[in-house]
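Participant: So the sequences go chain by chain: P and Z. Each residue of the first sequence is one higher than the one before, starting from 1 at the first, in the numbering used here. Each residue of the second sequence is one higher than the one before, starting from 1 at the first, in the numbering used here.
Don't take every hint at face value.
The calculated lysine-lysine pairs, modelled on DSS-like cross-linking and capped at a C-alpha distance of 27 Å, are [unchecked claim]:
| hint | chain 1 | residue 1 | chain 2 | residue 2 |
| --- | --- | --- | --- | --- |
| 1 | Z | Lys627 | P | Lys126 |
| 2 | Z | Lys128 | P | Lys126 |
| 3 | Z | Lys381 | Z | Lys727 |
| 4 | Z | Lys244 | Z | Lys227 |
| 5 | P | Lys22 | P | Lys211 |
| 6 | Z | Lys380 | P | Lys89 |
| 7 | P | Lys124 | Z | Lys727 |
| 8 | P | Lys126 | Z | Lys227 |
| 9 | P | Lys20 | Z | Lys689 |
| 10 | Z | Lys727 | P | Lys22 |
| 11 | P | Lys79 | P | Lys126 |
| 12 | P | Lys22 | P | Lys188 |
| 13 | Z | Lys627 | Z | Lys469 |
| 14 | P | Lys89 | Z | Lys689 |
| 15 | P | Lys22 | Z | Lys689 |
| 16 | P | Lys89 | Z | Lys727 |
Some chain P residues well away from chain Z (every beta-carbon gap over 10 Å; in silico) [what the hints assert, rightly or not]:
| hint | residue |
| --- | --- |
| 17 | Arg23 |
| 18 | Asp95 |
| 19 | Asp219 |
Pairwise CB distance ranges (calculated) [said to hold, decoys possible]:
| hint | chain 1 | residue 1 | chain 2 | residue 2 | range |
| --- | --- | --- | --- | --- | --- |
| 20 | Z | Asp755 | P | Asn256 | 56 to 62 Å |
| 21 | Z | Ser300 | P | Asp204 | 57 to 63 Å |
| 22 | P | Thr73 | Z | Thr576 | 34 to 40 Å |
| 23 | Z | Ser614 | P | Gly98 | 57 to 63 Å |
| 24 | Z | Asp739 | P | Asp204 | 32 to 38 Å |
| 25 | P | Asn256 | Z | Lys727 | 23 to 29 Å |
| 26 | P | Asp171 | Z | Glu365 | 53 to 59 Å |
| 27 | Z | Gln713 | P | Gly68 | 48 to 54 Å |
| 28 | P | Gly68 | Z | Pro301 | 56 to 62 Å |
| 29 | Z | Asp527 | P | Gly98 | 57 to 63 Å |
| 30 | Z | Ser479 | P | Arg236 | 48 to 54 Å |
| 31 | P | Thr73 | Z | Gln350 | 52 to 58 Å |
| 32 | Z | Asp739 | P | Gly68 | 54 to 60 Å |
| 33 | Z | Gln713 | P | Ala263 | 15 to 21 Å |
Read the hints as simulated data drawn from the structure, not as lab findings. Predicted model only: the values in this text are computed from it and were never measured. Heads up, the beta-carbon is just placed ideally off N, CA and C, and yes, glycines get one too.
The chain contents come next:
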Amino acid sequence: MMTGYTTQPGPSNPEGVIFKFKRYALHDGPGIRTTVFLKGCPLRCIWCHNPEGQDFGPQEMAGGPATGGRPITVGRTLKATDVVSEVEKDLVFYDDSGGGVTFSGGEPLAQPDFILALLQTCRKRKLHTAVDTSGFAPPEIFLAAAGLADLVLFDLKIMDPARHLRFTGVDNHKILENFQAACRDGVKMRVRVPLIPGITATADNLEQIGKFLTACRADCPVDLLLYHRIGDDKYRRLGMVPAGPACRNLEENQVNEAKRILAAYKLDVSVGG
Amino acid sequence: MTPRVARLREESLAAVPRISAERALLVTEFYQGASAAGKSVPLQRALAFKHIMENKELYLGQGELIVGERGPAPKATPTYPEVCLHSLEDLEILDRRPKVPFRVDQATFEAYRRKIIPYWKGKTIREKIFANMQKPWLEAYRAGVFTEFQEQRAPGHTAMGDKIYHLGMEDLKKQIRRAIAKLDFINDPAALDKRDQLLAMEIAADAIMAYARRYADLLARQARVEKDPGRQAELREMERICRKVPARAPETFWEALQYYWFVHVGVITELNPWDAFNPGRLDQHLEPFYRRQTEDGSLSPEMARELLCCFWIKFNNHPAPAKVGITARESNTYVDFALINLGGVDKCNQDAVNPVTYLLLDVIEQMRLLQPSSMVQVSKKNPDRFLYRALEIVRTGFGQPSVFNTDAIVQELVRQAKSVEDARCGGASGCVEAGAFGKEAYFLTGYFNLPKVLEITLNNGIDPRTGRKIGVASGNPRSWKSFQDLMQSFRAQLQHFIDIKIRGNNIIEQINARYMPAPFLSLLIDDCIEKARDYNAGGARYNTSYIQGVGLGSLTDALAAIRHQVFDRRKISIETLLEALENDFAGFEELHHQLVHHSPKYGNDDDYADSICSRVFELFFEAVDGKPNTRGGVHRINLLPTTCHVYFGSVIGATADGRKAGRPLSEGISPVQGADSNGPTAVLKSASKIDHLRTGGTLLNQKFLPQVLADQQGLNKLVHLIRAYFKLDGHHIQFNVVDGRMLRRAQKNPEQYRDLIVRVAGYSDYFVDLTPELQEEIIRRTEHAEL
Numbered sequence: 001m002m003t004g005y006t007t008q009p010g011p012s013n014p015e016g017v018i019f020k021f022k023r024y025a026l027h028d029g030p031g032i033r034t035t036v037f038l039k040g041c042p043l044r045c046i047w048c049h050n051p052e053g054q055d056f057g058p059q060e061m062a063g064g065p066a067t068g069g070r071p072i073t074v075g076r077t078l079k080a081t082d083v084v085s086e087v088e089k090d091l092v093f094y095d096d097s098g099g100g101v102t103f104s105g106g107e108p109l110a111q112p113d114f115i116l117a118l119l120q121t122c123r124k125r126k127l128h129t130a131v132d133t134s135g136f137a138p139p140e141i142f143l144a145a146a147g148l149a150d151l152v153l154f155d156l157k158i159m160d161p162a163r164h165l166r167f168t169g170v171d172n173h174k175i176l177e178n179f180q181a182a183c184r185d186g187v188k189m190r191v192r193v194p195l196i197p198g199i200t201a202t203a204d205n206l207e208q209i210g211k212f213l214t215a216c217r218a219d220c221p222v223d224l225l226l227y228h229r230i231g232d233d234k235y236r237r238l239g240m241v242p243a244g245p246a247c248r249n250l251e252e253n254q255v256n257e258a259k260r261i262l263a264a265y266k267l268d269v270s271v272g273g
Numbered sequence: 001m002t003p004r005v006a007r008l009r010e011e012s013l014a015a016v017p018r019i020s021a022e023r024a025l026l027v028t029e030f031y032q033g034a035s036a037a038g039k040s041v042p043l044q045r046a047l048a049f050k051h052i053m054e055n056k057e058l059y060l061g062q063g064e065l066i067v068g069e070r071g072p073a074p075k076a077t078p079t080y081p082e083v084c085l086h087s088l089e090d091l092e093i094l095d096r097r098p099k100v101p102f103r104v105d106q107a108t109f110e111a112y113r114r115k116i117i118p119y120w121k122g123k124t125i126r127e128k129i130f131a132n133m134q135k136p137w138l139e140a141y142r143a144g145v146f147t148e149f150q151e152q153r154a155p156g157h158t159a160m161g162d163k164i165y166h167l168g169m170e171d172l173k174k175q176i177r178r179a180i181a182k183l184d185f186i187n188d189p190a191a192l193d194k195r196d197q198l199l200a201m202e203i204a205a206d207a208i209m210a211y212a213r214r215y216a217d218l219l220a221r222q223a224r225v226e227k228d229p230g231r232q233a234e235l236r237e238m239e240r241i242c243r244k245v246p247a248r249a250p251e252t253f254w255e256a257l258q259y260y261w262f263v264h265v266g267v268i269t270e271l272n273p274w275d276a277f278n279p280g281r282l283d284q285h286l287e288p289f290y291r292r293q294t295e296d297g298s299l300s301p302e303m304a305r306e307l308l309c310c311f312w313i314k315f316n317n318h319p320a321p322a323k324v325g326i327t328a329r330e331s332n333t334y335v336d337f338a339l340i341n342l343g344g345v346d347k348c349n350q351d352a353v354n355p356v357t358y359l360l361l362d363v364i365e366q367m368r369l370l371q372p373s374s375m376v377q378v379s380k381k382n383p384d385r386f387l388y389r390a391l392e393i394v395r396t397g398f399g400q401p402s403v404f405n406t407d408a409i410v411q412e413l414v415r416q417a418k419s420v421e422d423a424r425c426g427g428a429s430g431c432v433e434a435g436a437f438g439k440e441a442y443f444l445t446g447y448f449n450l451p452k453v454l455e456i457t458l459n460n461g462i463d464p465r466t467g468r469k470i471g472v473a474s475g476n477p478r479s480w481k482s483f484q485d486l487m488q489s490f491r492a493q494l495q496h497f498i499d500i501k502i503r504g505n506n507i508i509e510q511i512n513a514r515y516m517p518a519p520f521l522s523l524l525i526d527d528c529i530e531k532a533r534d535y536n537a538g539g540a541r542y543n544t545s546y547i548q549g550v551g552l553g554s555l556t557d558a559l560a561a562i563r564h565q566v567f568d569r570r571k572i573s574i575e576t577l578l579e580a581l582e583n584d585f586a587g588f589e590e591l592h593h594q595l596v597h598h599s600p601k602y603g604n605d606d607d608y609a610d611s612i613c614s615r616v617f618e619l620f621f622e623a624v625d626g627k628p629n630t631r632g633g634v635h636r637i638n639l640l641p642t643t644c645h646v647y648f649g650s651v652i653g654a655t656a657d658g659r660k661a662g663r664p665l666s667e668g669i670s671p672v673q674g675a676d677s678n679g680p681t682a683v684l685k686s687a688s689k690i691d692h693l694r695t696g697g698t699l700l701n702q703k704f705l706p707q708v709l710a711d712q713q714g715l716n717k718l719v720h721l722i723r724a725y726f727k728l729d730g731h732h733i734q735f736n737v738v739d740g741r742m743l744r745r746a747q748k749n750p751e752q753y754r755d756l757i758v759r760v761a762g763y764s765d766y767f768v769d770l771t772p773e774l775q776e777e778i779i780r781r782t783e784h785a786e787l
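Looking at chain P on its own, in the form it has when it is part of the complex:
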């Protein structure tokens, strides 16, 4: 069958591991969206608030109030078409608001066959797609995904390579190259900068991000994401130690300062996604 939106995506319908569907996601792109969280990430950002998205396979997590105190398994294996069918439950809301699906993680590009199949299936079914990525992926995978998605939400965290390695566990060379390539290809993007006190939210880092974006001639908007510690409980439940900087949220004037620095580079900056 070659017609209709229900055929399988090309030759295969790969499986992947998902750890969450979030409906009515308000900050992951335009309109009302469902965010699908793919499990597994090559980065280990110390402020990560989705620690259950770091390991690739399903894993056990101690219970919380919502589970009656019992342990639960995080992550389940699903076929790409099943994921998209789940996403389509909210079609009526996407239609009205210009929304769609956002693939996040973890790092969605870290399950390359799966993410490409998901994006192809969505494209066939006329669903608006966004990919929320760290940009840490082989260039061919990154560009293939960027080519299939309607929007890329690209995280830029730390410009200094040594500090990037120290706080995220990986080198940022490949990330920045992917970003430049996307700019050359005219990929529709929004840059997302998590404001982590003392790590990403430093004047120096933000100035470097501004310079980098100017050099790339990137005309994409920039979203500043506020730091929060809602992940702490999940670290404990996974038997991990929360590694994020033990400080409060940024003061409003610090957020405004971050905004001012980037706006000085003639960037369209907003707070929140």
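We have chain P; now place chain Z onto it with these hints.
Facilitator: Chain Z alone, transformed into the frame defined by chain P:
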């Protein structure tokens, strides 16, 4: 807010609700006097009304622009001993109860002791109702299977149409005279009854005109002694208005408001009808006056706004009549459910949003009063900016206005065989009830406890709370081979109790039709004059009786858990389940965990649970819809609880969804509190799987954290969420935009949160006035956050 409005508003907020014996004394005096003797019931009722309107004390507040109070002063609340008689003990409870009290002074106690109780004891409608109910009805009622709306209040349940803006009472009297002239005493055996009904309506018209004239005289006296020339001019203008309306049709904005207000006071003085009364499509009714006068320069928008604010305060001066007995738990509130409708479409199906709509939204935002309730009707034809303006007010967190789907309401009414024009001129009154305004008597007859029917089904007809057999022998659960068997038993039990309820309804309707006609209300609602028949006896063009289902979410989750655990997975035997329920899960912790955490739940867009919900809905619909009432109409269903889900929960033991004994049920069509974990879109999808268009109203509560709606983007997405729900034919949605932590603080320090208003179920109320159960219930509703 002008200084005048600010002061009147403060006075209204500060006024202490109290019981006034004035009306009860006047009614008693009338019935004991010579003019009542030998008259037919309709004439007695009309003359009693006239006696009140000619003799009640007149109140004129300092600086008021709209006059008329039901009692002798703001919040002085009359009683209706002919419907329901307060005992001295009731009065003491009202005086002393910590929440929603009404002060009762010694003179009132004395009046009750010496005059009111001795005369009315044994003569009230409430007593007639209970004396006429049969044993199965009384047993089901006592078990909490259903409640009865008419045992303390007159039916009412309607809203004003546009008639009073075209016709004065003198015009209506001419119509009455023509109808009397047309009576056929040769062929129509009911002609004499009809004549008395019409004469009663005529007397009622005279009564309201007499009341207005008394006000005109009072205003003239006040004007003569008033020193301030500005106020003096106002008093003279008010005098002029009161000499004109309601006798003749209004021609100015001010006249129109004063006319409505006289009518409102008349309706709620004649009897204590449910949902007070309300002007219905106020923005549409006022628009022609506003347009004409702003064009010719005789009314400024500021003046219109001030008049509307004064009008608003009038509603707030009128607490709901004080109840007695069992219903004190059902709905304990000062709110009297006068629900003002804005927006929607007009008779010709055009966008009805107009400048007065926006003016009224400003007034709602500024006044921030408990009463009146307000709602916006949103049609696909209405512009988004109208919805945005309404949501800007919603996000300030006081629960108003609620949001209704015009296109669904019109379809619901048309399905009920109303003309499409009448449907478009209708809306929702009370909490969420659809009606053809000005043309329909749509009585709500009682809440119906759906999960209780399952409990009785699981006990083969016995109410486990009392051990009494009140249901039918629908089969021993141990003999059920499949979920289908359970559903068949449930269906038999449901039909049994619905039939009991309907039998009772049809008797109660006739009691009201015979003993408690409402000639004044009949004047106002089409086609009572043409039919020469009272509003309470089928005089309205459309006559509907509703049974309101409660606990749809709880029932669905209980059935889904049984299906999943007992019949599909076969992890739990029915015996074990019944034993666990009987023991309120004590010693069955593992089973309880399975029911709560590993059973499908309604509200998550999960077809397993949602298909059970649709099935239950169909069973309820089939049991009720189309069954005749005694007024020429039929019974219909709607799904709303007000606060009855708390009372109904208190009479049910543990349920198979894991709910512990006595805890509140789910409300409206909302999921069980906390059972929805997939966000608001999933809730709306689940809720839209029942067919709203075959109901007369459904109620859906949603709670959002203020942060979610703080910015424009959050508001945009809420607009889209609502539009999509309405595309799915959802009837109504309402929002609490509050922070759970703040509600906790308010529980601890109520004195600091006196003015915190929250959405309950179909109305808003002061949080601190709610019972602790209801406060907990609102806090437990899932809060949609997004971080």
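Participant: Do aspartate 171(P) and glutamate 365(Z) keep their Cβ atoms within the hinted range of 53 to 59 Å?
Facilitator: For glutamate 365(Z) against aspartate 171(P), whose Cβ atoms are near 55 Å apart, the range 53 to 59 Å holds.
Participant: Look at the Cβ atoms of glutamine 713(Z) and glycine 68(P) and judge whether their distance stays inside 48 to 54 Å.
Facilitator: 35 Å, violated
Participant: What's the verdict on lysine 727(Z) and lysine 22(P), does the C-alpha distance respect the 27 Å limit or exceed it?
Facilitator: 22 Å, holds
Participant: Checking a non-interface call: every C-beta of chain Z should be farther than 10 Å from the C-beta of aspartate 95(P). Is that right?
Facilitator: Incorrect as stated: the minimum Cβ-Cβ distance to chain Z is 7 Å, not above 10 Å.
Participant: Minimum C-beta separation from aspartate 219(P) to chain Z exceeding 10 Å: can you confirm that?
Facilitator: 21 Å, holds
Participant: Is the nearest Cβ of chain Z still more than 10 Å from the Cβ of arginine 23(P)?
Facilitator: 4 Å, violated
Participant: Cβ-Cβ distance between aspartate 527(Z) and glycine 98(P): within 57 to 63 Å?
Facilitator: The hint (57 to 63 Å, Cβ to Cβ) is violated, given that aspartate 527(Z) and glycine 98(P) are roughly 48 Å apart.
Participant: Holds or violated: lysine 124(P) and lysine 727(Z), Cα atoms, limit 27 Å.
Facilitator: 25 Å, holds
Participant: Assess, step by step, whether the Cα of lysine 381(Z) is no farther than 27 Å from the Cα of lysine 727(Z), and give holds or violated.
Facilitator: 12 Å, holds
Participant: Asparagine 256(P) and lysine 727(Z), beta-carbon distance inside 23 to 29 Å?
Facilitator: Since asparagine 256(P) and lysine 727(Z) have Cβ atoms about 40 Å apart, the given range 23 to 29 Å is violated.
Participant: Run the distance test for lysine 22(P) versus lysine 689(Z): straight-line Cα separation, threshold 27 Å.
Facilitator: 21 Å, holds
Participant: Given the hint that lysine 79(P) pairs with lysine 126(P), does the C-alpha gap stay at or below 27 Å?
Facilitator: 19 Å, holds
When held up to the earlier numbered hints, the structure conflicts with 1, 2, 5, 8, 17, 18, 20, 22, 23, 25, 27, 29 and 32 and fits the remainder.
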